[in-house]
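The listed protein sequences derive, respectively, from chains A and B.
Under my numbering, the first sequence has 356 at position 356, and the numbering climbs by one with no breaks.
Under my numbering, the second sequence has 4 at position 4, and the numbering climbs by one with no breaks.
Just so you know, these hints were derived from the structure itself, not from any lab.
Where hints are given, some of them may not hold.
Pairwise CB distance ranges (calculated) [what the hints assert, rightly or not]: (1) B:Tyr-183 x A:Ala-42: 51 to 57 Å; (2) A:Arg-101 x B:Pro-105: 28 to 34 Å; (3) A:Ala-77 x B:Lys-58: 36 to 42 Å; (4) A:Arg-169 x B:Thr-113: 40 to 46 Å; (5) A:Phe-199 x B:Ala-91: 36 to 42 Å.
No more than 27 Å apart at the CA atoms, straight line, and that leaves these computed lysine-lysine pairs for DSSO-like [said to hold, decoys possible]: (6) B:Lys-87 x B:Lys-38; (7) A:Lys-197 x B:Lys-120; (8) B:Lys-11 x A:Lys-356; (9) B:Lys-38 x B:Lys-11.
Built from N, CA and C at the ideal position, the CB exists for glycine as well.
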Amino acid sequence: MQITSPTFKDNAAKALADAQLQKALGNVRAGFIDKRQKAADALPEFEALRDAARDIKNHTLAHLDLYLETYAEKVEAAGGQVHWAETAEDARNRILEICRRLGAKTVTKGKSMITEEIGLNAFFEEHGVTPVETDLGEYIIQLRGEHPSHIIAPAVHLNKEQVEEDFRRVHTHLDPSRNLDEPTSLLGEARAVLREKYFQADVGITGANFLVAETGTSIIVTNEGNGDLTQTLPKAHIVVASIEKIVPTLEDVSQILRVLARSATGQDMSVYTTFSTGPRRDEDPDGPGEYHVILLDNGRSAMLGTEYQEMLRCIRCGACMNHCPVYHAVGGHAYGWVYPGPMGAVLTPSLVGVDKAGHLPNASTFCGRCESVCPMRIPLPKMMRHWREREFERNLNSAVARYGLGLWAFFAKRPALYQFATGTAMRLLGAIGKGKGRFAALPLAGGWTRHRDLPAPEGKTFQSQWAERQKKMKAKAA
Amino acid sequence: MTTPRDNILAKVRASLGRKSDDTARRAAVTDRLQRTPKGVVPRRGQLPQAEKLDLFCKMAEAVQASVARVASTADVPQAVTDYLRQKNLPAHVRMGADAFLAEMPWSGQKNLTIESGRAKGSDEVGLSHALAGVAETGTLVLASGPDNPTTINFLPEHHIAVIRAADIEGDMEAVWTRIRATYGKGEMPRVVNMITGPSRSGDIEQTILLGAHGPRAVHIVVVEE
Ligand code: SF4
């Protein structure tokens with residue numbers, strides 16, 4: 001996938017001017033926030049479970065080498081094969097080898113961000129294998145030649161009229177006068193078309209939400225059931241998963257599952273939580289004859305032991321983007337790579353390089369909502385600040401700071417964004433005001449600063465600065 | 001020659017600043033895998049068995065499954081027929097080799113035909129036996145194998161799952177205890193399906209619609225004996 005993160009500002013400007021997109025993005029604001037809150041409120045232990053989930057992942061990451069070894073041994077003991085892949089290229093090649101050996105022409109795919117990360121579909125097409133996305137949202141965007149704009153709702157940037165247009169354009173074997181006015185008829189049509197594909201496919205590929213070391217099990221969490229048909233019907237099931245998906249035990253994953261669905265869609269449980277261990281057994285009447293796991297590093301091991309290690313706790317629930325005013329305004333494509341929103345702003349520079357994505361961490365109002373809803377308690381704003389500090393070290397200071405300022409002004413000039421954010425959103429890019437303390441004026445943001453001075457954080461949290469200021473004022477008064 | 005496995009593990013170890021002696025780390029890992037500590041188990045499901053059953057039914061209905069409660073296994077075939085009639089479905093179901101289901105008095109349902117084996121794409125109704133339920137979330141737990149082939153859970157338009165009231169647990173943790181007792185510690189059936197309501201998608205304008213790729217309807221028959 002071509003990375004367009006360097007042109008974030010242009011992408012964002014285009015997104016703001018796109019009426020279709022703006023209408024669709026209303027569904028993010030309306031669809032996710034209340035549901036999550038209700039689900040969290042209905043479970044008194046929710047906050048305690050967030051702590052437990054965080055602690056489980058911290059423990060796992062600190063012992064990752066050992067849990068990886070155990071996991072791989074268990075997969076092999078169950079008759080599965082583990083293919084360790086250091087890079088995206090290695091992963092693609094291993095997958096293609098399996099497909100070639102099985103003579104695979106059609107490959108069905110369950111929804112998987114990791115296969116987006118390694119650019120698997122384009123690679124398949126170059127090599128004469130036809131990938132078929134089976135998740136409804138993924139299917140729609142595949143028809144459009146697009147990438148997901150959200151990690152759990154890939155087609156959230158589209159309206160039903162656009163989907164209808166695509167279905168009429170592609171499903172030419174169906175009656176052109178059929179009625180597709182309602183989402184139900186669109187869903188019914190996709191269901192019928194994809195049913196045939198499941199049976200045609202030689203190989204089924206899924207991601208994994210978790211890998212369980214205790215049992216060598218891979219887990220997918222879905223609502224549609226497409227992932228299950230994808231992995232059950234073909235000759236081989238290939239699981240593509242990155243190394244940080246490991247959890248120690250079934251009990252551990254049960255803790256995290258309780259915060260995953262609630263944070264993602266506001267469900268207590270997703271419809272299908274599927275635990276898969278190895279290929280079809282002798283007595284089995286169904287299931288894949290081969291079970292492969294592509295265990296991908298692709299930059300994760302280098303994040304361990306750094307200030308970005310905590311990002312490896314991410315369970316890809318999407319809550320941070322669902323609650324992000326910048327995401328609400330510009331959607332996912334503007335971020336320019338696979339992972340959008342706050343989690344993408346932290347992860348993308350780690351995975352594709354700070355030179356290409358170093359300014360994504362500036363695409364933030366620093367309102368702190370992402371961290372407050374992240375089930376894994378990942379300190380996303382703090383890590384975005386780390387990235388800005390890195391930029392300084394890299395001597396990108398002047399250029400990037402200017403760019404960052406441009407971005408800030410870009411959002412600050414759009415009051416809707418700031419109205420949406422709370423008062424603490426007024427925390428600014430620490431980069432801008434280093435050493436000055438406060439701004440009386442900011443270029444490009446005159447309309448805003450005319451009425452108030454802005455506190456300029458120096459890489460600290462708003463709360464800590466506020467406390468310091470109060471102290472200084474008290475000292476003055478005394 | 002170093003393998004990709006060695007390289008990845010070496011990078012992980014280097015990044016973690018692992019010392020040459022990791023007796024303590026190994027002990028921590030072995031201990032967790034042995035003890036499988038439970039963590040925070042919500043109070044919601046910690047109930048006497050009768051209330052667990054009520055909660056299970058309530059939670060399942062809240063996610064659009066339908067529930068019928070019958071007094072004994074002898075009543076299950078009639079409950080299945082009732083469902084098929086109510087939904088205007090053909091009197092034909094797909095079923096695996098499950099002994100609990102097989103022993104039921106199916107011959108009493110004159111028009112009902114049962115086809116055994118894995119499901120086909122054309123099956124309208126699949127019938128399986130859930131090994132457990134989770135009251136906390138109204139979740140069915142099914143294991144793969146000849147008794148209850150996985151395809152029955154996903155291909156038919158309607159999925160009827162029969163479950164014994166005594167198999168309804170409060171939480172997922174209790175289900176793992178059961179699975180370990182049956183399959184052995186550290187072992188799993190090829191697939192464990194946790195199913196919470198019928199298939200759905202919110203991918204078009206975030207409007208939830210039932211029946212995306214899996215069953216449009218899930219009907220649970222609870223045997224209370
Ligand atoms: S960073 Fe947190 S909120 Fe965002 S996707 Fe990851 S786990 Fe979810």
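Okay, the hints, checked on the actual structure:
1. B:Tyr-183 x A:Ala-42: 51 to 57 Å: The hint (51 to 57 Å, Cβ to Cβ) is violated, given that Tyr-183 of chain B and Ala-42 of chain A are roughly 33 Å apart.
2. A:Arg-101 x B:Pro-105: 28 to 34 Å: For Arg-101 of chain A and Pro-105 of chain B the Cβ distance comes to about 49 Å; the hint is violated.
3. A:Ala-77 x B:Lys-58: 36 to 42 Å: Since Ala-77 of chain A and Lys-58 of chain B have Cβ atoms about 40 Å apart, the given range 36 to 42 Å holds.
4. A:Arg-169 x B:Thr-113: 40 to 46 Å: holds (42 Å)
5. A:Phe-199 x B:Ala-91: 36 to 42 Å: violated (26 Å)
6. B:Lys-87 x B:Lys-38: Distance ~42 Å between Lys-87 of chain B and Lys-38 of chain B Cα, so the pair is violated.
7. A:Lys-197 x B:Lys-120: Judged against 27 Å, a Cα distance of about 14 Å means the pair holds.
8. B:Lys-11 x A:Lys-356: Between Lys-11 of chain B and Lys-356 of chain A the Cα gap is close to 24 Å, so the pair holds against 27 Å.
9. B:Lys-38 x B:Lys-11: violated (31 Å)
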